[in-house]
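Undergrad: Listed in order, the protein sequences are those of chains A and B. Reading the first sequence from the start, the letters are residues 1 to 415 in the working numbering. Reading the second sequence from the start, the letters are residues 1 to 415 in the working numbering.
Simulated from the structure, these hints should not be mistaken for laboratory data. Even glycine gets a Cβ: it sits at the ideal position worked out from N, Cα and C. You may find that some hints are simply not true.
To be verified - Here are a few chain A residues that face chain B, going by a calculated C-beta distance under 7 angstroms:
(1) P88
(2) T385
(3) S397
There are 2 protein chains.
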Amino acid sequence: MERRGATVTGFACAKCGREYAPGEVALTCGDCGAEGILDVLYDYDEIAREFSRADLERSRENSHWRYLPLLPVGSEETLPVLRTGWTPLYHAEGVLGLPHLYVKDDSMNPTASLKDRATSVAMARAVEEGVSAVAAASTGNAGCSLAGFAAAQGLPCYIFVPANAPAPKVAQLLVLGATVFAVDGSYDDAFNLASEAIATFGWYNRSCAVNPYLVEGKKTVAHEICEQLDYDVPDKVFVPVGDGCIMSGVYKGFAEFERLGFTEKVPELIGVQAEGCDPIRRAFDGSCELVPCEADTCADSIACGHPRNWRKAVKGVRASGGRLTAVGDDAILDGMARLAKSTGVFGEPAGVTAFAGLVQAVREGSVTPDDTVVVLMTGSGLKDTESAMRAAGEAVSVGRSLEDVERAIRERAEI
Amino acid sequence: MERRGATVTGFACAKCGREYAPGEVALTCGDCGAEGILDVLYDYDEIAREFSRADLERSRENSHWRYLPLLPVGSEETLPVLRTGWTPLYHAEGVLGLPHLYVKDDSMNPTASLKDRATSVAMARAVEEGVSAVAAASTGNAGCSLAGFAAAQGLPCYIFVPANAPAPKVAQLLVLGATVFAVDGSYDDAFNLASEAIATFGWYNRSCAVNPYLVEGKKTVAHEICEQLDYDVPDKVFVPVGDGCIMSGVYKGFAEFERLGFTEKVPELIGVQAEGCDPIRRAFDGSCELVPCEADTCADSIACGHPRNWRKAVKGVRASGGRLTAVGDDAILDGMARLAKSTGVFGEPAGVTAFAGLVQAVREGSVTPDDTVVVLMTGSGLKDTESAMRAAGEAVSVGRSLEDVERAIRERAEI
Chain A
1 MERRGATVTG FACAKCGREY APGEVALTCG DCGAEGILDV LYDYDEIARE FSRADLERSR
61 ENSHWRYLPL LPVGSEETLP VLRTGWTPLY HAEGVLGLPH LYVKDDSMNP TASLKDRATS
121 VAMARAVEEG VSAVAAASTG NAGCSLAGFA AAQGLPCYIF VPANAPAPKV AQLLVLGATV
181 FAVDGSYDDA FNLASEAIAT FGWYNRSCAV NPYLVEGKKT VAHEICEQLD YDVPDKVFVP
241 VGDGCIMSGV YKGFAEFERL GFTEKVPELI GVQAEGCDPI RRAFDGSCEL VPCEADTCAD
301 SIACGHPRNW RKAVKGVRAS GGRLTAVGDD AILDGMARLA KSTGVFGEPA GVTAFAGLVQ
361 AVREGSVTPD DTVVVLMTGS GLKDTESAMR AAGEAVSVGR SLEDVERAIR ERAEI
Chain B
1 MERRGATVTG FACAKCGREY APGEVALTCG DCGAEGILDV LYDYDEIARE FSRADLERSR
61 ENSHWRYLPL LPVGSEETLP VLRTGWTPLY HAEGVLGLPH LYVKDDSMNP TASLKDRATS
121 VAMARAVEEG VSAVAAASTG NAGCSLAGFA AAQGLPCYIF VPANAPAPKV AQLLVLGATV
181 FAVDGSYDDA FNLASEAIAT FGWYNRSCAV NPYLVEGKKT VAHEICEQLD YDVPDKVFVP
241 VGDGCIMSGV YKGFAEFERL GFTEKVPELI GVQAEGCDPI RRAFDGSCEL VPCEADTCAD
301 SIACGHPRNW RKAVKGVRAS GGRLTAVGDD AILDGMARLA KSTGVFGEPA GVTAFAGLVQ
361 AVREGSVTPD DTVVVLMTGS GLKDTESAMR AAGEAVSVGR SLEDVERAIR ERAEI
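In isolation and in its complexed conformation, chain A is listed as follows (with noise of 0.2 angstroms):
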């Protein structure tokens, strides 16, 4: 029998709360403008009919197209092909004195970040709605993940950076085929092109700050750790926080396996942005308004000065009874090594940031070994090595005899 996607009933306005059928309003909200970011609605009771964790149990769909039930797709004639999603759940079983800690590997993802998710869903919405191309604004994982999707599919791909966007990066949206457009400029002003184009030539936007049905595919990151723990959700869970849409998503995925009985509770979600760019949880913390910044990190995915899914991601937070902090950049590069020396589970900077978070949250004292804690950690250690060379230790020089590596050995074994 062929699964279908979910139907959407509406979307909600996440500033104003107001209302839209379907159809009835083409991205963002007509009273909020671009400060008035969807959410996407669904009829949970009529998903509940059809949709148990007995579906899920029998499952072998080995992706995140196993949450088709609760996905704003069509059919899965029409999904993409690239393999997304059911990403490992490791035990990391004692790291940091926690018995209980796990880790989510989401750089195990087809262009390696958890970006892959959003693409996903966008791209078959795409496909449905019979685009003639897919464009975006990045010079980072978002781009990365929508050229090797558009790639896959064989749709025209157009990326707009800012001229001085790092050459590596470029190169790799041009190794996926993209059209590059190098825009003379800041990463605003091809923001603001992107877009002008988009609108013009009609092609279809992957940007979480003006199309809601991304989001709806980071969800599915806690669909599966719930499933990954048989349904006994943590008491904490660790989030990278930028532009604010992959905690939204986290929040949304938890809150919809509660609503349909699958789990008794939504966790403790707490939200880590760098020191260096904080916007979100100085809002949350303080005025509740935000105050867009200057972004200063190493943790580049989660660079947003100006994020356009805070309302969603502090809402999100408020809800699971979480909070939102922060950490400065060498407590981001001694959590990249740390991680990986103790997991083997390699981060770019914006990846381990919510683990860098758990490790000061067990030196003050707010989480302790009686707690269950998921650190989610969101792209590859590969996207980055200038800052693994900057985590790294020394190589330890010898020479080419066994006596060089014995007194190496015993040298080490005396620090």
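Take the given structure of chain A and dock chain B to it, following the hints.
TA: What follows is chain B alone, placed relative to chain A:
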């Protein structure tokens, strides 16, 4: 019920054919010395009694441990946790004009290369044998793979590299917690010192040149191809060839499934070397003697001037009715971009060498649209962004106006 690995019934020398009972020999053949790499033997009649296609159909094991009954490891208890194998096989329909082309993306392994298959079996053995540490000489994927698995297992890991090894690769080893010895000399010096230290300190040796169990891990990629094609064995499988271990494993995997009656044939195996380093191809085409060479190719992961497992590889290719071929660096870089653009699979140079060989074969007419072809892609393009920059085209420089974008698109359409 606890699942168990296969019982090793003996070993056979790949050079002279002499057989040994388990325990009778330490690592290589007593007669042939270092030249006599061993092949692991099993009782396939025994295995066939307890392992069937129906078992696989029922299996929800999301890794290559689904083939545990064919692997020389003990119980499930001691298996490494990093999720290895069961990587996607993508139908690249119509690419290169071939309706029946499939790409096996083995970059989706824990350290982003096929080497993880071999490491996972080696680590399982190391843990069973209760070793104090693991070690290897490597500047590349094998070293990173061993460091990652050792980190996850909490075992010390010693890697020997030549002093001039590239800093980013050394950084990855260090971040993953390996002790890296930078040996004042060449790769051969590092290899020799590693062998001496391993023998002296009793570390576990992760080298295909001496340890017969590593090829056993690599054979699972062939098992997966069979299962993913519903046991309808392809006509031809293209495999990149460096030291010969992958080809040895691929042949063994296909031969085993035929022996068990799961499939009806072994496919034609086409090994592809880099022109700048093709001693196995020359041995195959000519004298059947190996003449080592200086390696000169961008495909560093198969730049192996003195391959150790060439005999097993040549034997496998011959038994399959296949052949060995070679492609130049330009073809490899072109293959990197063509594969990425047409499928979204972004590989390092060695990883795409088999695809470059297929491009050549299609041009020569030795592969036609009637053929069902599988191409093995062995490592992530993120491991070598330098080469990606050489393979990539150029970004389109534009100002900040829509007219710039329109003009650029028009100009590209005219090309």
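Undergrad: Are the hints correct? Go through all of them and say.
TA: Tested hints:
1. Taking 7 angstroms as the C-beta contact cut-off toward chain B, the hint placing A/P88 at the interface holds, the least distance being around 4 angstroms.
2. Interface hint at A/T385: satisfied, since its Cβ lies 4 angstroms from the closest Cβ of chain B, which is below the 7 angstroms cut-off.
3. Here the hint on A/S397 is kept, as its CB sits about 5 angstroms from the closest CB of chain B, short of 7 angstroms.
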